[in-house]
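Undergrad: Going down the list, the protein sequences come from chains A and B. Note that the UniProt record's numbering has the first sequence beginning at 1, numbered continuously upward. Note that the UniProt record's numbering has the second sequence beginning at 1, numbered continuously upward.
Mixed in with the good hints, there may be bad ones.
Given that identical chains are not distinguished, each listed pair holds provided it fits within a single copy or across any two copies.
Only pairs whose alpha carbons sit at most 25 Å apart, straight line, appear in this in silico SDA-like list of lysine to any residue [to be verified]:
1) 59 / 30
2) 59 / 123
3) 166 / 153
4) 104 / 7
5) 37 / 24
6) 59 / 115
7) 37 / 71
8) 59 / 7
Bear in mind the hints are in silico, worked out from the structure with no lab data behind them.
Protein chains: 2
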Amino acid sequence: MSQRSAGPEILRLIELMSRLPGFGPRSARRAALFLLKQRDTLLLPLAEAMSDAGHRIEKCSVCGNYDTLQPCAVCQSGGRDEGLICVVEDVPDLWALERGGSYKGRYHVLGGVMSAVDGVTPDDLNIPSLISRVDAGGIREVILALNATFEGQNTAHYVADQLAGKGVQITYLAHGVPVGGELDHLDDGTLAAALRARRSSE
Amino acid sequence: MSQRSAGPEILRLIELMSRLPGFGPRSARRAALFLLKQRDTLLLPLAEAMSDAGHRIEKCSVCGNYDTLQPCAVCQSGGRDEGLICVVEDVPDLWALERGGSYKGRYHVLGGVMSAVDGVTPDDLNIPSLISRVDAGGIREVILALNATFEGQNTAHYVADQLAGKGVQITYLAHGVPVGGELDHLDDGTLAAALRARRSSE
Numbered sequence: 001m002s003q004r005s006a007g008p009e010i011l012r013l014i015e016l017m018s019r020l021p022g023f024g025p026r027s028a029r030r031a032a033l034f035l036l037k038q039r040d041t042l043l044l045p046l047a048e049a050m051s052d053a054g055h056r057i058e059k060c061s062v063c064g065n066y067d068t069l070q071p072c073a074v075c076q077s078g079g080r081d082e083g084l085i086c087v088v089e090d091v092p093d094l095w096a097l098e099r100g101g102s103y104k105g106r107y108h109v110l111g112g113v114m115s116a117v118d119g120v121t122p123d124d125l126n127i128p129s130l131i132s133r134v135d136a137g138g139i140r141e142v143i144l145a146l147n148a149t150f151e152g153q154n155t156a157h158y159v160a161d162q163l164a165g166k167g168v169q170i171t172y173l174a175h176g177v178p179v180g181g182e183l184d185h186l187d188d189g190t191l192a193a194a195l196r197a198r199r200s201s202e
Numbered sequence: 001m002s003q004r005s006a007g008p009e010i011l012r013l014i015e016l017m018s019r020l021p022g023f024g025p026r027s028a029r030r031a032a033l034f035l036l037k038q039r040d041t042l043l044l045p046l047a048e049a050m051s052d053a054g055h056r057i058e059k060c061s062v063c064g065n066y067d068t069l070q071p072c073a074v075c076q077s078g079g080r081d082e083g084l085i086c087v088v089e090d091v092p093d094l095w096a097l098e099r100g101g102s103y104k105g106r107y108h109v110l111g112g113v114m115s116a117v118d119g120v121t122p123d124d125l126n127i128p129s130l131i132s133r134v135d136a137g138g139i140r141e142v143i144l145a146l147n148a149t150f151e152g153q154n155t156a157h158y159v160a161d162q163l164a165g166k167g168v169q170i171t172y173l174a175h176g177v178p179v180g181g182e183l184d185h186l187d188d189g190t191l192a193a194a195l196r197a198r199r200s201s202e
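Could you put the whole structure together from the sequences, leaning on the hints where they help?
TA: Listed below in structure tokens is the structure:
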């Protein structure tokens with residue numbers, strides 16, 4: 001866009017917006033205009049929220065969660081099972097488990113999964129700090145709650161190998177039919193896993 | 001999401017992000033995490049760009065464009081045809097025409113189109129200010145470059161009615177085959193319009 005039609009401030013806003021996931025130049029222009037039209041109710045509050053988040057939120061030194069507290073609120077909260085660590089790929093997975101509300105242990109956020117294509121090696125992930133937590137003692141079980149993708153399962157196996165012989169139980173999330181799911185819409189692998197892990201009615 | 005897993009700063013960022021066009025709660029969570037991971041290269045610069053835009057950009061009092069200058073850079077720039085006004089629905093349309101680079105007149109941004117469904121009446125649009133500009137004299141032609149939608153064309157006809165008898169020529173953008181477009185993919189209306197407006201080869 002030429003500078004005659006839009007000032008450098010708008011161009012910079014559009015350029016930065018276009019780097020957000022799911023945004024391209026066209027949707028960034030639309031979003032920038034949307035923000036300018038809602039200056040006091042959205043644009044300025046969002047600018048402040050971003051600045052606030054950027055200056056106050058940091059990665060938890062224990063588990064890798066994002067929070068303004070150090071260690072994070074989950075690591076500090078009492079009443080959780082100290083002997084149980086749930087390993088997740090990234091923070092949204094932690095949020096999803098917390099929304100569920102049924103898990104009452106600690107977490108460890110890897111910050112990604114190993115990927116030959118993207119050049120992500122174990123050293124790029126929070127795997128050494130997980131091993132240190134286990135080595136420090138007091139951990140009874142590590143749940144590898146990684147995504148059921150190739151990279152996720154590959155990373156899970158790597159982590160399991162690293163933790164082997166350290167006296168902790170390694171567990172995985174069960175595969176099966178999602179609650180409310182229709183058999184007709186499931187892939188063959190899920191259906192086969194659900195069959196293998198079938199339970200008695202009692 | 002419970003406050004145990006994410007602090008109020010993250011929740012507020014996600015809530016505001018989810019109001020952006022094309023975003024929902026899930027994509028807003030992804031985008032917020034994406035921003036937190038690129039704090040210094042994206043989150044803080046974007047916060048500053050938004051704050052800057054929010055505090056410095058305003059709507060041009062003449063044409064309705066957004067700029068830090070008042071009147072805007074397009075209204076102030078010399079070498080443009082003062083007698084020609086191109087009426088557009090919104091600022092991205094102005095940007096699109098400026099990217100094209102072939103239009104050298106002035107603009108007038110309506111800020112939307114009339115819509116019975118959305119309750120947008122002529123009074124909600126910058127139509128009175130367009131009439132004032134024409135009444136002030138010196139305008140030779142008004143190009144109604146509104147979108148070829150029902151609401152766009154309806155608004156164009158309303159504006160044309162309002163300007164009737166004021167001694168200005170009212171023109172519309174030509175309908176036809178887009179440059180590079182394939183006939184097979186065009187709708188019947190466009191094809192019929194292109195046929196009606198066919199040109200001699202000379």
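Undergrad: Work down the list of hints and note, for each, if the structure agrees.
TA: Here is how each hint holds up against the structure:
1. 59 / 30: between (32 Å within a copy, 16 Å between copies)
2. 59 / 123: within (17 Å within a copy, 50 Å between copies)
3. 166 / 153: within (21 Å within a copy, 73 Å between copies)
4. 104 / 7: between (52 Å within a copy, 18 Å between copies)
5. 37 / 24: both (20 Å within a copy, 19 Å between copies)
6. 59 / 115: within (22 Å within a copy, 48 Å between copies)
7. 37 / 71: Answer is between; shortest inter-copy Cα gap is 18 Å, intra-copy 39 Å.
8. 59 / 7: For residue 59 and residue 7, only the inter-copy Cα distance (12 Å) is at most 25 Å; the intra-copy one is 36 Å.
In this structure, none of the earlier numbered hints is contradicted; all agree with it.
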